[in-house]
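Assembling the complex is the task here: the two chains are given apart, and the hints tell you how they should meet.
Protein sequence lines, in the order shown, are assigned to chains A and B. First residue of the first sequence: 248, per this note's numbering; consecutive thereafter. First residue of the second sequence: 140, per this note's numbering; consecutive thereafter.
Hints are not guaranteed to be accurate.
As the list claims (entries may be wrong) - With a straight-line cut-off of 30 angstroms between C-alpha atoms, the simulated DSBU-like cross-links for lysine-lysine are: (1) Lys425(B) / Lys391(B); (2) Lys425(B) / Lys355(B); (3) Lys355(B) / Lys390(B); (4) Lys421(B) / Lys157(B); (5) Lys366(B) / Lys355(B); (6) Lys441(A) / Lys157(B); (7) Lys205(B) / Lys259(A); (8) Lys421(B) / Lys390(B); (9) Lys259(A) / Lys252(B).
Claimed, not checked - Which chain A residues stay away from chain B? Per the calculated CB distances, all over 10 angstroms, these: (10) Val261; (11) Pro284; (12) Thr359; (13) Cys368.
Unchecked claim - A few chain B residues facing chain A, derived, Cβ under 8 angstroms: (14) Ala197; (15) Tyr228; (16) Tyr247.
To be clear, the hints were calculated from the coordinates, so they are not data collected in a lab. For every residue, glycine included, the Cβ atom is placed at its ideal position computed from N, Cα and C.
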Amino acid sequence: MSEAMTNSNDTKFVVYTRAFIGLLQRDFRVLTREIVPFLIRIAMNPLLFLFVFTFVMPHMTGGSSMSPTAGMAAAGGGGFGTVLLPGLMAVAIMFSGIAAVALPLAQEFGVTREIDDRVMCPLPIGAVAIEKIVFSAIQSIFAAAVVFPLAYYIPSTPVLAHVPSWWFFIAVLVLASLLAGALGLTIGTFVQPKQIGLIFGVVIMPITFLGCVYYPWAALSSIKWLQIGVLINPIVYITEGLRAALTPTIGHMPDATILAMLLFFFVLLTLMGLRGFANRVIS
Amino acid sequence: MSESIVEILGLRKVYAGKNPVTAVDGIDLHVPSGLIYGLLGPNGAGKTTTISIATTRAIPTAGSVKIAGIDVVAHPALARCVIGVVPQYNTLDRSCTVFENIYFHCRYFGMTKQAAAQRTAQLLDQFRLSDRAAAYPQALSGGLAQRLQIARAIAHHPKVLFLDEPSAGLDPQSRIAMWDAVQALRGEGITVVLTTHYMEEADAICDRVAIIDHGKILIEDSPTALKASVGGDIIYDLRMHGVRDSGLLEKKLALIDGVTRVEVIEGGLRVLARAQDGLLAKVVTKANEYGLRDVTTTEPSLETVFIRLTGRDLRE
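Pulled out of the complex, with its shape left as it was, chain B reads as follows (with noise of 0.2 angstroms):
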């Protein structure tokens, strides 16, 4: 593995007060530069957190973050210069226009007029924002403003972009082009670290993913080899009239060949196998003896991922 950009070691924020709250509990992370690196659990898990502190606009209760070396805690200033944002809400200068959202962001980053509008004029053609130059952020929908705020966020050449819930709020048309827009940085060696609960959102564009709940990193891989940790490739599940003999059931089901594991789940059963031809066959025949309903066949998600390692539902 290339050497990490993104150093997070024994990192954990309480919230103090009252009731206090620990929303990031002991977390360890090393993303390798260049690829585009999902965390990806339910709302209130310690992601947004984790990237709050990494992006400087938070400061760790303990452990530490390093971005291309740089200690964030330590020099918040100097890690700016390294790294890109785009929060969760939008965060576009009303008072200024497309143009001068861009522009002004170069400068404050030290480039000179002509520099800052030459990037910004490749920028906006880049993410095709060129015919709303002169527009402000309030007339834009919201997948334009989102596009825009990632343009503006590595208009200064970051290392690392950030992306805290990129999706939320955009239709599906938005959100697959914001997709494409990050993949499209891949090209520019940004590395790219999104925070989502959306498993399909993580599924689709990053190279590894780490999953995390109650401020506590689960599992970290590629979404493939986590997909494959679930034990079998396709899913069927099996609803029945009524649970009676499912005991029995679960056992004959677990002797046909190809099967890899059969649980229990709510109003029926859960087969997990290796797909192969005639298989489906054999599972309905043997559950129609027991009162088969309904059976539907699913591949593994990283949401089957979650659930297994959680018991609960990535929306719970």
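Next up, chain A with everything else stripped away, as it sits in the complex (with noise of 0.2 angstroms):
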């Protein structure tokens, strides 16, 4: 049957591995040749609202009383801008995950159907849903790559940031890119294409400002059922993680917990994203 193959010899294995950095090869040269909006994209949102937080608004006449978590945030040492710097990256991995997968997925599922000349591609299908998890998960580590130094340039107060170690850094960062292509994977084969622009209300807003972004956990201990609630919210666990990995100094959840709840939730995404994926392109 291998005549079709460039070589008869292979093995399924190595069918399989060549398709799917043929699937890699093509996202990233689509990705280079959109790489100015792409850019725009993930750098806005932190531009904006390390600009008006933690630049103009302590520059106003009692602008800094005007800031959320000033007292918190004097009480742990640092400014807001040391509560937004791993937030503002979580969020930028979180919605790289989204732009990534789900708004892709919605748009080949529904008008274009070009998901089914990738699902044609010589490898299991879960594999080509993996691929997208992936390179989604490559996407965010360069955006939060990209809101590092706006976060830690920015704020007019200095960012007290420092890594105790690297290889939690590096543990949660990927886990939390994973896991964000996870959850872009499950929204985008979950959701209805049509219904795609409602994910932004009914699940991007809720999970980012309930998602300990802008304040830690720690401080949500005044409103016991919201501390207790938030939990179930995956981004927690990317913003406290990033937050004990980056900006220690402020307090944030035990570092085995947060590596556990991250596996957690990228495996059980991970698992109910392809399972979506493989209801929507077999019948």
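Below, the structure is given as structure tokens:
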């Protein structure tokens, strides 16, 4: 049967790997062509957020008192910028997952059915979905890397960032990025293509605002029901993980809990996403 | 007959739901290697479902499909190495150029960069798309997009190419260009399986045709043999003023030498006959006595065959 392939001695694994690499190369090619829109997409939110909340407002008369976590941040050392650095990186990671997987999938499932072309590649259907998660994770890491200098240099008060453990930081970053891709896959396969616009209001806004992005989780202790309620939000573990890895002076969850929960949500969302993907492409 | 490259046995597909739909209801099919094979039938007959199962995009309820000896249900990823697919709708990669659409397809199927670029250039040339290499699929006309889809589908040298309704939405000129492109594939040893609800298409390019309706194959043969099965090589449709005494006329016409059958159709009679000189004159003279209004002469088509088998028009 193998005349169709380049080498008749190729094992299944070799055939699958080549197809997987081919898919990644295609995605890189498309991304490099759209690099400017990509950069604008990931930089605009943190840029404006930091500019207004950590640069403009502190310069207003009494503006610093408007800063929502001024007292809290001062207690832990560092300004609102220190709280925002991991938070905005988390948002960039999460949003890259949505933009790199969920939105294109909605289009491919809906209008164009382009996905059928990718699904006809010589590798298991699940691997096509995994490729999307992997490529999305690469974009998320890149997005986080773009946000870091912005969040570090824009705030008018110095940001207290240091990395106690690079291993922990890398583990959090990689797991968080994979989780974001899996979240994008789950959303992209479960939401009807014509309703994809709704996910901004129904999913992205709630998980961002209730994702401990603009305040550390420990600070919710005064509203106990909310502090417990937000634990079902996977974004919480991304922000707390980056907080623990980058700005440890601000109170955060235990490291082991963070890694365990990131892994748990990554596996859960990947399984859900793979199932949704298979349901969508195979009848 | 040479060995079968596509073997379909007892294929069934029931779409579950509140009202389960049986799309394919026990299909057996053997497609000999090297042919252009047509599945002809009306919309909803089960053609697309059959092709979807054969191309690993649907799971059958029962039965099996083997392509070049590979069970497509058990080994979908490997089966995809030996098939090429052009679905009904345009699945070209909108983010990639015409060149990249073929190039990355080659890469997915394991070609080296150099081999992929070479194969792409060769296919663009073969399908007369070279001057559009840098264009994006959105900028292509329906006919060009379809040619690109075929070029891409055969880029990895598949053994079987599946075309689902290849001429749907094409203008007549593009359709003929597509037919030429498909027929040129014979030279490359690719077996083609296509679905269509255009009988002219099945007649024009297929070596063998299976007529399919309500998920079952009704008959399977070469287009010539199917048309011959109608029982005559010429058809006269007689339109009458009213249908008085049509029973009597029917009997009289049947007695004319060369006439093989006479049947009642809406507004008149249909005469099936072996073509011979003077036959039309005899039929017309006889029918005139009973108020002949108009006569049309046609040759049997696959449409006639379909109507004969189902009592319905293909377009219904």
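We went through each hint and held it up to the structure:
Restraint check for lysine 425(B) and lysine 391(B): the C-alpha separation of about 8 angstroms stays at or below 30 angstroms, so the hint holds. Taking the CA atoms of lysine 425(B) and lysine 355(B), the gap is near 41 angstroms; set against the 30 angstroms cutoff, the hint is violated. Between lysine 355(B) and lysine 390(B) the alpha-carbon distance is near 35 angstroms, which puts this suggested pair outside the 30 angstroms criterion. Under the criterion of a C-alpha separation no larger than 30 angstroms, the hint pairing lysine 421(B) with lysine 157(B) is inconsistent with the structure, at around 58 angstroms.
The straight-line distance between the Cα atoms of lysine 366(B) and lysine 355(B) is roughly 20 angstroms, inside the 30 angstroms bound, and the hint therefore holds. Between lysine 441(A) and lysine 157(B) the alpha-carbon distance is near 24 angstroms, which keeps this suggested pair within the 30 angstroms criterion. With a C-alpha separation of about 18 angstroms, the suggested pair lysine 205(B) and lysine 259(A) falls inside the 30 angstroms cut-off, and the hint holds. Restraint check for lysine 421(B) and lysine 390(B): the C-alpha separation of about 14 angstroms stays at or below 30 angstroms, so the hint holds.
Pair hint lysine 259(A) plus lysine 252(B) holds up; C-alpha atoms about 20 angstroms apart against a cutoff of 30 angstroms. The Cβ of valine 261(A) does not lie farther than 10 angstroms from every Cβ of chain B; its closest approach is about 8 angstroms, which violates its non-interface assignment. At roughly 12 angstroms from the closest C-beta of chain B, the C-beta of proline 284(A) stays outside 10 angstroms, upholding its exclusion from the interface. Separation of threonine 359(A) from chain B is inadequate, the least Cβ-Cβ distance of about 6 angstroms not exceeding the 10 angstroms criterion.
The beta carbon of cysteine 368(A) sits about 4 angstroms from the closest Cβ of chain B, which is not more than 10 angstroms, so the claim that it is off the interface is violated. With a least beta-carbon distance of about 5 angstroms to chain A, the hint placing alanine 197(B) at the interface is held under the 8 angstroms criterion. At a threshold of 8 angstroms, the smallest CB-CB gap from tyrosine 228(B) to chain A is about 5 angstroms, leaving the interface hint in force. For tyrosine 247(B), the shortest C-beta to C-beta distance to chain A is roughly 4 angstroms, which falls under 8 angstroms, so the interface hint holds.
Hints 2, 3, 4, 10, 12, 13 from the earlier list are contradicted by this structure; the remaining hints agree with it.
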